[in-house]
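Model the placement of chain R with the ligands on the given structure of chain D, informed by the hints.
Residue numbers (our numbering), protein chains in the order written: chain D, 6 to 299; chain R, 16 to 254.
Hints in this document: simulated from the structure, not taken from any laboratory.
Among the hints, a few may not be true.
[Claimed, not checked] Pulled from the structure, derived: some chain R residues nowhere near chain D, Cβ distances all over 10 Å:
1) Glu127
2) Ala129
3) Gly145
4) Gly180
5) Lys235
6) Ala241
[Stated by the list, open to error] Beta-carbon label-pair distances, calculated as ranges:
7) Glu184/D with Gln143/R: 30 to 40 Å
8) Tyr68/R with Asp291/D: 37 to 47 Å
9) Val129/D with Ala146/R: 51 to 61 Å
10) Ala188/D with Lys188/R: 24 to 34 Å
Glycine residues also receive a C-beta, built at the ideal position from the N, C-alpha and C atoms.
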Amino acid sequence: MSDATTLAAPPRPRAFRAATEESPAVRRGLILIAVAGLAILVFAPLIVVFAEALAKGAVAAVKSLQSKDALSAIRLTLLIAAISVPLNAVFGIAAAWFITKFDFRGKAFLITLIDLPFSVSPVVAGLCIVFMFGANSLAGGWLVAQGFPIVFALPGIVLATVFVTFPFVARELIPVMIEQGRAEEEAALTLGASGWRVFRTVTLPNIRWALLYGVLLCNARAMGEFGAVAVVSGKIRGQTATMPITIEMQYNEYLSVAAFSLAAVLTLLALVTLLLKTILEIRHADEIAATRRH
Amino acid sequence: MHIEIDEISKQFGSTAALTPVSLNLPSGALVALLGPSGSGKTTLLRILGGLEYPTSGRILFDGQDATGLTVQQRRAGFVFQSYALFRHMTVFENIAYGLRARPRATRPPKAEIARRVQKLLELIQLPQIGARYPNQLSGGQRQRVALARALAIEPRMLLLDEPFGALDAKVRKELRQGLRDIHDETGLTTVFVAHDQEEAMELADLVVVMSMGRIEQIGKPADIRARPASDFVRNFITA
Ligand SMILES: Nc1ncnc2c1ncn2[C@@H]1O[C@H](COP(=O)(O)OP(=O)(O)OP(=O)(O)O)[C@@H](O)[C@H]1O
Ligand SMILES: [Mg+2]
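This is chain D alone, in the form it adopts within the complex (with noise of 0.2 Å):
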């Protein structure tokens, strides 16, 4: 009846674009905040760390970390790391082995109990190993007198170092073995393999790239965990005073350009790691996209 060019033509639409994606306005001010927030938080104070250990120029710097405390304090740090690590990723790997292979009652909680140092200030923490250990308790005092103090000592240090970190790596393994389910090593148990040997091969090489998550941000944590090992250590100069601790004790004295030139190397361990991690992502895409559920 009508003629067809007198009917209203449907609205076109302005332009394509997917039902999940924001208008090109919104999607900039995301942007822009987004990179604001870094530029702010990130990598303002990575620079101010450089500029200031250059304040001096880069012969200073050097100089203020081969002193004695500096050396000491890298030489502390990277000790406590190099024992912490390897302990917590066994302790991480046992945990959350037990948590996720086996039923039992009470589950949740030890779960929950996993979190706690992450609950816990590190103050607090630092705190109940002085209560425990000091030579004031019954357990450091017996200790003290073999020889073997605790507090203000290595092993304190490396004590609060695996509390405050230990959550890191069974944290990051339970969802993984979670979703992995028990599957495959019962397969591996019915074609004859030993416990050990289905560990080895199936439960391990499932594991390893969360595994190896687990272990960089536990090593990060280690080497810059402060609270806890400012209340153990006793600050000792030359003996109990890790990296954080120095850059500390120099910055309150001062100290400008050798405080930052020890931040900056912290921070350069810190960028090492993260680099290392993204080359082996880089590097082993294929796998990990193979290792996830299929």
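Just chain R with the ligands now, kept in the frame of chain D:
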């Protein structure tokens, strides 16, 4: 191998997955466990394979008590519902796993392992896929690789949990015939879990109909069709 299940029960906390069941599986039989979801089929299969221990009762292999044997000692070729292939290993390594896991004294040399794996790949009619990873295979191919992996250990019996579960109708038909052929060739006592009554009836020599942890009827497919023992069986096989 002749398998006897003697008054086996299984309790998970307060749920009874199996109320005492007894079953006699003659050597070389192809047996289907058939029943609705939750009737205890998987539980019975896992107890046979040694992945689960019964709360009470005995299992006899060729007349000998096998109840206490560990999963490794059972030497059951087990095919899991989701196949459970080792995702970080190639197909070749998957199939070779059981042979490599043997103690040194009984482990075949490298060349012999490679030869056996190749033979199994030919048996499942996938001779070319040894170098692939499980996530590069179709569902039907994965199922056949899982079967080859289970056969590699020269098992005493074959246990399959819903081997055709997640596959489309055409692939199921092919694999059904494949399982029949492999069973006839190896002569292994084979137990498979089936959801689908048509599958069980067509493929098996002996069908075990289960419901709520009990065995409703045991018999040849034709007998069960002709003389269902209860209303449950009649309804289930005509559903
Ligand atoms: N590990 C377990 N813990 C607790 N209950 C379980 C466990 N495994 C099985 N059950 C219970 O035992 C009963 C039998 O389970 P089973 O897996 O044997 O059933 P099924 O016949 O294989 O079912 P489907 O066809 O759905 O696979 C179910 O009620 C189930 O909830
Ligand atoms: Mg089942």
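Between Glu184/D and Gln143/R, does the beta-carbon spacing fit 30 to 40 Å? 31 Å, holds
Is it the case that Gly145/R keeps its Cβ farther than 10 Å from each residue Cβ in chain D? The claim stands: Gly145/R keeps its Cβ more than 10 Å from every Cβ of chain D (closest is about 16 Å).
Is the nearest Cβ of chain D still more than 10 Å from the Cβ of Lys235/R? The assertion about Lys235/R holds, with a minimum of 29 Å to chain D.
Within 51 to 61 Å or not, the Cβ separation of Val129/D and Ala146/R? 55 Å, holds
Non-interface claim for Glu127/R versus chain D (Cβ beyond 10 Å): 17 Å, holds
That 37 to 47 Å hint for Tyr68/R and Asp291/D (C-beta), does it hold up? Roughly 40 Å apart at Cβ, these two residues keep to the hinted range, so it holds.
Quick one: work out the minimum CB distance from Ala129/R to chain D and report holds if it exceeds 10 Å, violated otherwise. 17 Å, holds
Does the hinted range 24 to 34 Å hold for Ala188/D and Lys188/R at CB? Since Ala188/D and Lys188/R have Cβ atoms about 26 Å apart, the given range 24 to 34 Å holds.
Over 10 Å to the closest beta carbon of chain D is the bar; see if Ala241/R clears it. 37 Å, holds
Are all beta-carbon distances from Gly180/R to chain D longer than 10 Å? 13 Å, holds
The structure is consistent with each of the numbered hints, conforming to all of them.
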